[in-house]
Amino acid sequence: AKLMFCIGFAISFAMLGLTASLMIPYYPITPYIGTTFSFKAFIIVAIGGEGNVLGALGGGMFVALVEKILGSLVSDPFAQIVVFCLFIVVLLVKPEGLMNKRHAT
1402 AKLMFCIGFA
1412 ISFAMLGLTA
1422 SLMIPYYPIT
1432 PYIGTTFSFK
1442 AFIIVAIGGE
1452 GNVLGALGGG
1462 MFVALVEKIL
1472 GSLVSDPFAQ
1482 IVVFCLFIVV
1492 LLVKPEGLMN
1502 KRHAT
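Those letters in the sequence shown? Residues 1402 to 1506, per the working numbering, in order.
For the record, the hints were derived by calculation from the structure and aren't laboratory data. Note that this is a predicted model, so its numbers are computed, not measured. Please note: incorrect hints may appear among the correct ones.
Capping the alpha-carbon separation at 30 angstroms, the derived lysine-lysine pairs in BS3-like fashion look like this [said to hold, decoys possible]:
id : residue 1 : residue 2
1  : 1495      : 1441
2  : 1469      : 1495
3  : 1441      : 1469
Model the full structure from these sequences, guided by the hints.
This is how it looks when you write it as structure tokens:
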């Protein structure tokens, strides 16, 4: 189990390094750039449902669709505002996430 954890950890950090190196031309490099992506990842997991991989995938697709559609129709800052508002609505209506499969025990 420890070996699998270490392998998964190493693969995830290798993918992180590759992704970061490919994103350098598109984003300014600042010490605080990680906060934007970390907050967006938190929103995606919270919308999808904690502990649900398919929920995180669905939450990511939902956030991406909202951002891209509204970003092309109106503007990118407005799309970000709508994503944050939808996040708040999801937390108010269904705090466990949209696709959470947990059952009460």
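Flag every earlier hint the structure violates by its number, smallest first.
none
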